[in-house]
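Trainee: We have chain G already, so just place chain Z on it with the hints.
From first to last, the protein sequence lines are chains G and Z. Heads up, the first sequence is in full-length UniProt numbering, so the first residue is 1 and it goes up one at a time. Heads up, the second sequence is in full-length UniProt numbering, so the first residue is 1 and it goes up one at a time.
Because the hints were derived from the structure by calculation, they are not lab data. Think of the CB as a built atom: it goes at the ideal place given N, C-alpha and C, for glycine as much as any other residue. Don't take every hint at face value.
[Unchecked claim] Lysine-lysine pairs mimicking DSSO-like chemistry, simulated, CA-CA at most 30 angstroms apart:
hint, chain 1, residue 1, chain 2, residue 2
1, Z, Lys382, G, Lys318
2, G, Lys67, Z, Lys450
3, G, Lys67, Z, Lys531
4, G, Lys67, Z, Lys550
5, Z, Lys414, G, Lys414
6, G, Lys531, Z, Lys67
7, G, Lys414, Z, Lys382
8, G, Lys142, Z, Lys433
9, G, Lys534, Z, Lys67
10, Z, Lys57, G, Lys433
11, Z, Lys88, G, Lys531
12, Z, Lys475, G, Lys67
13, G, Lys433, Z, Lys77
14, Z, Lys414, G, Lys433
15, Z, Lys318, G, Lys382
16, Z, Lys433, G, Lys57
17, Z, Lys57, Z, Lys115
18, Z, Lys433, G, Lys433
19, G, Lys294, Z, Lys433
20, Z, Lys466, Z, Lys550
21, Z, Lys67, G, Lys501
22, Z, Lys318, G, Lys412
23, G, Lys412, Z, Lys433
24, Z, Lys412, G, Lys294
25, G, Lys507, Z, Lys67
26, G, Lys531, G, Lys501
27, G, Lys140, Z, Lys88
[As the list claims (entries may be wrong)] Ranges of calculated distance between the beta carbons of each label pair, as one might list FRET restraints:
hint, chain 1, residue 1, chain 2, residue 2, range
28, Z, Gln64, G, Gln530, 19 to 27 angstroms
29, Z, Gln64, G, Gly532, 23 to 31 angstroms
30, G, Lys181, Z, Asp293, 56 to 64 angstroms
31, Z, His276, G, Lys382, 33 to 41 angstroms
32, G, Lys382, Z, Ile172, 47 to 55 angstroms
33, Z, Ala143, G, Lys382, 54 to 62 angstroms
[As the list claims (entries may be wrong)] From the structure, some residues in chain G lie toward chain Z, with a derived Cβ separation under 8 angstroms:
hint, residue
34, Gly97
35, Gly98
36, Tyr101
37, Asn304
38, His410
Number of protein chains: 2
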Amino acid sequence: MTVVIVGGVAGGASCAARLRRLDETAEIIMIDREPYVSYATCGLPYFISEEITDRSKLTLQTPQSFKSRFNIDVRVKEEVTKIDRTAKTVTVKKLEGGEEYTINYDKLVLSPGAKPIRPPLPGIENDRIFTLRGIPDADKIKAFIAEKKPKKAVVIGAGFIGLEVAEGLHRIGIEVVVIEKLDHVLGPFDFDMACDLHHHIRSKNVSLKLNTGVTGFVTKPSGIGIDIGTEVIDADFVLLSVGVRPESILAKEAGVALNPFGRIAVNENLRTDDEHIYAIGDAIEITDFVAKDKVWIPLAGPANRQGRIVADNLAGQKTHYSGAIGSSIVRVFDMTAGCVGLNERRCQALKLNYEKVFTYTAAHAGYFPGSTMMSVKLLFEKGTGTIYGAQIVGFEGIDKRLDVLATAIHGKMKVTDLTELELTYAPPFGSAKDVVNMVGYVAENVLQGKVEQFFWHDVKCLEEKKEFIIDVRTKAEYDNGHLATSVHLPLDSLRTTINEKPDTLPKDRVIYVHCQSGLRSYIACRMLTQKGYKCKNLAGGWRLLNSVTKEVQSGPSHQLPCGAKPLN
Amino acid sequence: MTVVIVGGVAGGASCAARLRRLDETAEIIMIDREPYVSYATCGLPYFISEEITDRSKLTLQTPQSFKSRFNIDVRVKEEVTKIDRTAKTVTVKKLEGGEEYTINYDKLVLSPGAKPIRPPLPGIENDRIFTLRGIPDADKIKAFIAEKKPKKAVVIGAGFIGLEVAEGLHRIGIEVVVIEKLDHVLGPFDFDMACDLHHHIRSKNVSLKLNTGVTGFVTKPSGIGIDIGTEVIDADFVLLSVGVRPESILAKEAGVALNPFGRIAVNENLRTDDEHIYAIGDAIEITDFVAKDKVWIPLAGPANRQGRIVADNLAGQKTHYSGAIGSSIVRVFDMTAGCVGLNERRCQALKLNYEKVFTYTAAHAGYFPGSTMMSVKLLFEKGTGTIYGAQIVGFEGIDKRLDVLATAIHGKMKVTDLTELELTYAPPFGSAKDVVNMVGYVAENVLQGKVEQFFWHDVKCLEEKKEFIIDVRTKAEYDNGHLATSVHLPLDSLRTTINEKPDTLPKDRVIYVHCQSGLRSYIACRMLTQKGYKCKNLAGGWRLLNSVTKEVQSGPSHQLPCGAKPLN
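Excised from the complex, chain G in its bound form:
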């Protein structure tokens, strides 16, 4: 059996190595346009930031190591230009010299990846506009920095790579402006969870321009101008990071089925509509593990897994791919942010009957030094409590909680299961009730109707309608900032107030209660509900409201106008 693999990074390389372990006799040929295979794409921003100083560490394997260890014929700087599905051949062009030749294949694996989008804007061909995908891109950017000693960069696109590069450039002393078309950084996040990151990025003296499109680029005497409509920003160079597009042209020209967005369509064995052609990685559409619809998740983890699964199938073991949940994480200066599963926008688009809760909890025991707080948003199905997804922003232990939630989603667990998880606890690592237990408790209370919630996006209307809002925080917290229309009734005196001055609180209206994070106001709500009051708790409390409101002041309001259909 001759297996030709097109593309030698992540998925392709994983597929080749696994296939050899399963099948000593197959002829395996792996072809890549670039001079490198199996390199660490995800490390490139940290190579630019000089956190990774040893360039050779980025190339995990070399063509030589693939040959000696796995007997894989790796051909770099060669490009597959055509697939003849009838003859079962590929045409390969040597990029040095231009010579062409064909290879007969029994099975073909497409792992072509994706390439950075360069939108057709005026001035886009300026040689001070860089994109970052492979090692040669990183080399070019580093050479430019070394030679020109730039003082200012504009990063266009505040996705994962954009923010990593922005942080990296800032780290090596370059002034950075980040421009993002959306109202928040990190597309897979919801606006409300991204706001903490906005404040943090700005606290580092990085200029973050949200809701901002770029209309073109102009050449300047010793730099480049980035036209954002209202002004032209001068900079020494631009890192363009507005997304990637699947490299599916080869498949398309061969008549392999693509979806309308140009992504290669595959079945559960990751086979295309041609029984001899498999496809993996950033070029394919896959199944969303949670929603079961078709999605595009161009990430390294899924690509590696897919490579292994295709190897199994090529070796006769019918392994299925169950889809992905898009688990992602990124370091953003001193903070860390990540997400798993569906976000709220996806829940809305899918018309899911979802519920959301927010917590703000210590990463490890508060009495142990260095404890920081993390903000969690958990989405789940009303009624059943099935977990849809989560987003977490904080400083320490973010990856741990996301991985626990990713595992819970994989295990089709419910929010009530989160309350039962017995996670490791010692003061340096966590709390006896871990962050994940806590968010499970909050969700369980909502699920079981122990408390009703209202949200940050409801507050403006409630204030307009002069609804009855009580703030149960301490006097110091209240004095430090509060809603104009709220009544201050500290939690620890609330019971006395109810018992001794019951008329302070209306029995005929809903009492909207908030504290700092939502925990004390929950206790207040339980007290009020049992005393016969109607009560709602502000999810995420003043902290989330304040984080979002600070952002809303510099952009469009996400507050729902009175009478609007609620978000969930």
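Mentor: Using the frame of chain G, we list chain Z on its own:
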């Protein structure tokens, strides 16, 4: 309804607060012998080590805060001395003054905890022998250290608390000797996984005496002598940490059913055999979530969860407790070690048909600075792959992988599920194939018969029997230490050897293959197996063998003699 809660730490305090949130009208009385409630027991070693400097942070709640926030009547320095189950009263004794009174209860919750064992050895009453359970114990130790400025301490018992205190004393400049009766530190671990910790502890100039019992104590002019039979060790003081015993005397005297070990027996609602009495925390026996037998897991996490569950039941919500898996973690100097579920000794005692695998994997991407290695042992059921338990030892990210495995165990997942987990990946946090995926892959390969294993405890016999062992590491690794009887055949030239000099390897014998960690030797085994050789892979490789062998040199051998029944 009047609910009396005996014991105001962890479980008792959780129960009281949750019950109030569910039931505003219940009269809740919580009684504790000590002057503090709801304090951070797990923080005490770090208070001694001066990592925690603010003593007030250890008391999470005070009697006053319980009263004002939760309307809970907390009575400290009072002891429940008797339960009259017929009259449904408890007798309470004020420890200051000695006055006694009774309280009528509708429901009684026993959360008495456990107390340190003081074995009846000669000289045990010496006032230089300390135990550590509550804040007063920590205060006493700190006062002793401040006053006597001790130079040398002996810690007896190398369990979690013993090691934490040993580290803490070492941190404040006290010479430490640790004495342990077993052949390894941390009882819940297996010997093979504890050896890395032994080497690490000794590298810190802490004297670790395993397989060592204490026969008595003698008073010295300005210190204490610890008699271990072969010698008397002089020290300034002793921290005795040889385990705890449930405080179940009150329940016993009231005729509440105990198990033969003196632990209070409860049903799935955590109710005792008296329908009005519940029990939680370190004094009860619970169900092992994995093995389903009755066990004793005196840990803070389960205690808190049990408190909440009893509150639910008291409030009429029939919540069940599904048992515990004993998730534990401990920082041991620069290392971290933890475990979830069953260990190998438990698997053997339960006569489970188990399999074990070992991995040695980077905590985060090797190309990103600061990556460290962690050692994982995973136990699972032969045939089905159901996860039984895991132990992990390393430096960074240990808690994360244990928590993922704890979640997988809770979700009744199999090792094949571990391969599919989509965990968050960015270079500072993990790898595209995470540690948990890797151990899943290794287990899956074993489960599916892709490779057969042999173990460190088989090596001595194999050498004696002059079996054919090949070492596929590089020359540099081989030269740095190798088995006397092994043949050196580096992996990257193995294929050439097989093809060009097939007689180098015997076809009629099992070829025992090892590398450093087990990964390269797996690749070698796949190659050999497909070429028609019989082959076995050393689980955990030279690294684990070497770690264990170094330990065995200073104690009894765990190597199985030839002809012995294999461990699994």
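Trainee: Which of the listed hints are broken here?
Mentor: 4, 27, 34, 35 and 36
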